[in-house]
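**Student:** In case you want the letters, here they are:
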Amino acid sequence: MPDIQLEVNGRNYDIKDIAADTPLLWVIRDHVGLVGTKYGCGGGYCGACTVHLDGNPVRSCSVLATSAVGKKVTTIEGVAVDDNVLHPLQEAWIEHDVPQCGYCQAGQIMSAAALLSKNTNPTDSDIDAAMSGNLCRCATYIRIRRAIRTAAAKISGNTMGTGGSV
Amino acid sequence: MNQTTAQDIINEMENISAGVLDLRVVDRRTFLKLTGITGTGLVLGYTIRDAASPVYAAADNQFTANEFVRVATDGKIYLYSKNPEVGQGIKTAVPMVIAEELDADWADVIVEQAPINEELYGRQSAGGSRSLTTAWDQVRKAGASARAMLISAAAKEWGVPASECRTEASSVFHDASNRRAGYASLAMKAAEEPVPDLDSLPLKKRSEYKLLGKRITGVDNRKIVTGQPLFGIDAVVPGMRYASYLKCPAAGGSVRSANLDEIKALPGVEDAFVIEGNNEPTELMPGIAIIANSTWAAISAKDKLKVDWDETHATRASWSDAQKNAKDAASKGQGEMLHDIGNVDEKFAEAEKSFEAYYEYPFLSHAPLEPQNTTAWVHDGKAEIWSPTQRPAQGAASVAGILGIDEKDVEVHQLRVGGGFGRRLMNDYMCEAAAISERAGVPVKLQWTREDDMAHDFYRVGGFHALKGAIDKEGKLSAWQDHFITFMGPNKKPVSGGDMRASEFPVDFFPNTRVTQTMLPLRVPTGPWRSPRSCGIAFAVQSFISELALEAGRDHVEFLLEMLGEPRWLEEGNIDAMNTGRAARVIKLAAEKAGWGKSMEKGRGLGLAFHFSHAGHFAEVADISVDDNKKLTINKITVAGDVGPIINLSGAENQCQGAVIDALSTTLGLQVSIENGRIQETNFHQYPILRMDKAPDVAVHFIESDARPTGLGEPALPPAAPAICNAIYAASGIRVRELPLTRHGFSV
Ligand code: FES
Ligand code: FES
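As given, the protein sequences belong to chains W and L, one line each in that order. My numbering applies: residue 7 is where the first sequence begins, and numbers increase by one. My numbering applies: residue 602 is where the second sequence begins, and numbers increase by one.
Among these hints, one or two may not hold up.
As the list claims (entries may be wrong) - Okay, derived cross-link-like pairs now, DSS-like style, lysine-lysine, Cα gap no bigger than 25 Å in a straight line:
hint	chain 1	residue 1	chain 2	residue 2
1	W	22	L	865
2	L	1295	L	1203
3	W	160	L	824
4	L	925	L	1093
5	L	1199	L	1231
6	L	1295	W	124
7	L	1199	L	1232
8	W	22	W	77
9	L	824	W	78
10	L	1199	W	22
Said to hold, decoys possible - Chain W regions said to be covered by chain L (calculated; three or more residues, Cβ under 8 Å):
hint	segment
11	23-30
12	34-45
13	60-70
14	80-91
15	103-112
16	143-154
Simulated from the structure, these hints should not be mistaken for lab results. C-beta: ideal position from N, C-alpha, C; glycine also.
Please construct the entire structure, taking both the sequences and the accompanying hints into account.
**Tutor:** Take a look at the structure:
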């Protein structure tokens, strides 16, 4: 039962006495106490648990917490600039009213954020490739795509071709 | 058990990060305060004073008009949403209706989830697409009465007749004297005004709406996209332990013995015990509970359980057997008569052409993305519950029954639900959490795994239809027969979700129709699944109607319109019944928007279907290309719907797109197989819900009318499967009569 130290959203957390096989997901939710990262399948199939490890999207249900030691973990709570300034993807999600139940959306935004951090002008197939690990049981895919385009345009300073409102 | 001490609980409380909302403290106060104003049904004009609650902070500065509306002197307007939010958008739509009648500026509105109190609020469940339509008059009057009280206060203040005042954007205006007062400034005076007579309150006409029909983003969206605690799974109660629960993989099995001592010795595990349950699948089935100090410890210990199940009374159901038995039943005869009018046999004998086909659809799982969970604290003869549920009040009743306590001593707090689709009309997981907390003596959060959810659903029941149609010399349908083969529940009636109305479409439209039914035995829990009954029946019936149109050499649209006949209500006086005029209009609109009748390249085709359910009229056209390897390209799906006036255009469109893609996902590749009573699919790799790269364009068109608005969570789903299969036929000449499509070599 090791003790570990994790850096989550720029803050250090001392986590005591966890089982060595504990997935990062449950440490984030139960021990760190950030519940925006969701559990959907536990098997790497749904993407609800997506977080960034050193900027790369991972399924936190399928990554051991111990393997995140020494890396920067970013969760949905850590992507906004601050309380008042959201990430362009978060803004676009609100503008396009993407969520239905909303349960998958943190994971969707984390996958999209990783994509846009490397490619601010993604093609449809870039979007498909980055997003097809994320299930949305409510099937909000049409709006997710539109919101990613809107955010990409905003980030790259190009406000054309955002695919309309909402 | 390593007993949790008071010190442990204090430690836990200190460990809870500030980022996690302490739901208990907030909601208990809300609950107590609001139940404090109940007792005799609707209580109006009561001002709540509780400075300690964030919701009612500085309550001296608020005007509580009624159980839905609270106007604060700081300009904020609190509206209460009474139904569970499961993704259908009700938490935004119903407050929009209140705000419309109140003439509140939407920017001033803060929506709060109402406590569960059906005496005060009436129906507080989410199912059958009924939330909006049943609340429609109630919440319009709530908004209008608060508005009337604000107007009276202003009129008194200004010494002018109330009838000379008007309202707009959270303000009262007296134009003649050029005066304006914001609701905030009138709040405390309005609180002194008498509550107007609800029945004589004027309500707005559709042409007067300013907010309704607009696109409004969901009220929880900011919290959702920033990952704030909101859902059932996010509940944190000080001192809570984590629990998992293992039941027999074949429903009805019980525990003979298990390696409990080994489990209790695992790190993090605090206790493990058997729960006998009451053998009610919707409440508490037998199983083994594990209590641990983290979710992971609880669910990973569950995988190490070795249980000797007593399966004497467990189901041994098999889907492949059911398929065989259904075919047999179809070939042997027609089963029990549900409906028989005219002279069906004669019409078949004299038909120009008769045609028959056998349709089949499988069991399905609901698979909402948030696995079942509930946090429960049972102590001192009381239970407090935090749960993602579609039926909170019914859950409270079940929990009370399980614990043998009074229903009034069970408080259920409704948290946002990560997908419902009908699954969470059942509160089995809530009952389990309560039983586990009672036994453990501490607050527990029960967490199901995805595997638990796939194995213990109330499945959409599969079904079979042996259909037969007669076509006369003029190419008209002259007789119709449907032998429906379904499954029998314990009460000798069809299982939940497996019944069919004797008047199912299109029997009302022909003088010679017969519907018969055979029930096969089944002991697998089933239940309502998004648009129950219709989600299966529409596939069979509306595909077959297209087949008959083709057999008759007729255009499908023309054939359907002819069938519907003159515009009329099918049940006079029932505004939730089908109206043939509304049906015809959506069929024509879908056809027109999709370019029905245009010529298409080889391998591409259009397929149309209509279905009426949940008071919604929907027609859909699929535009699909099929290649030589049966690979499908869904070019577009066009939806035309009539559910009365649209409340929130954004939410309405989202519901329709979601329902259609849900239907495509299901039609294409989803199936729950059952062998020896066990569900074969365990997780999403075997239950491949459609992903973004395969999601097609879905164009949604509404016909708005002055009819009372009805719900949108369900009725857009049923026409999609037959439209897709009709399009596949048009494109490839291959008729699919069994779902899912992947069973027949199709892919996307
Ligand atoms: S919970 Fe991690 S991929 Fe589904
Ligand atoms: S919004 Fe419900 S799962 Fe995506």
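**Student:** Okay, which hints does this one fail, numbers in order?
**Tutor:** Those not satisfied are hints 10, 13.
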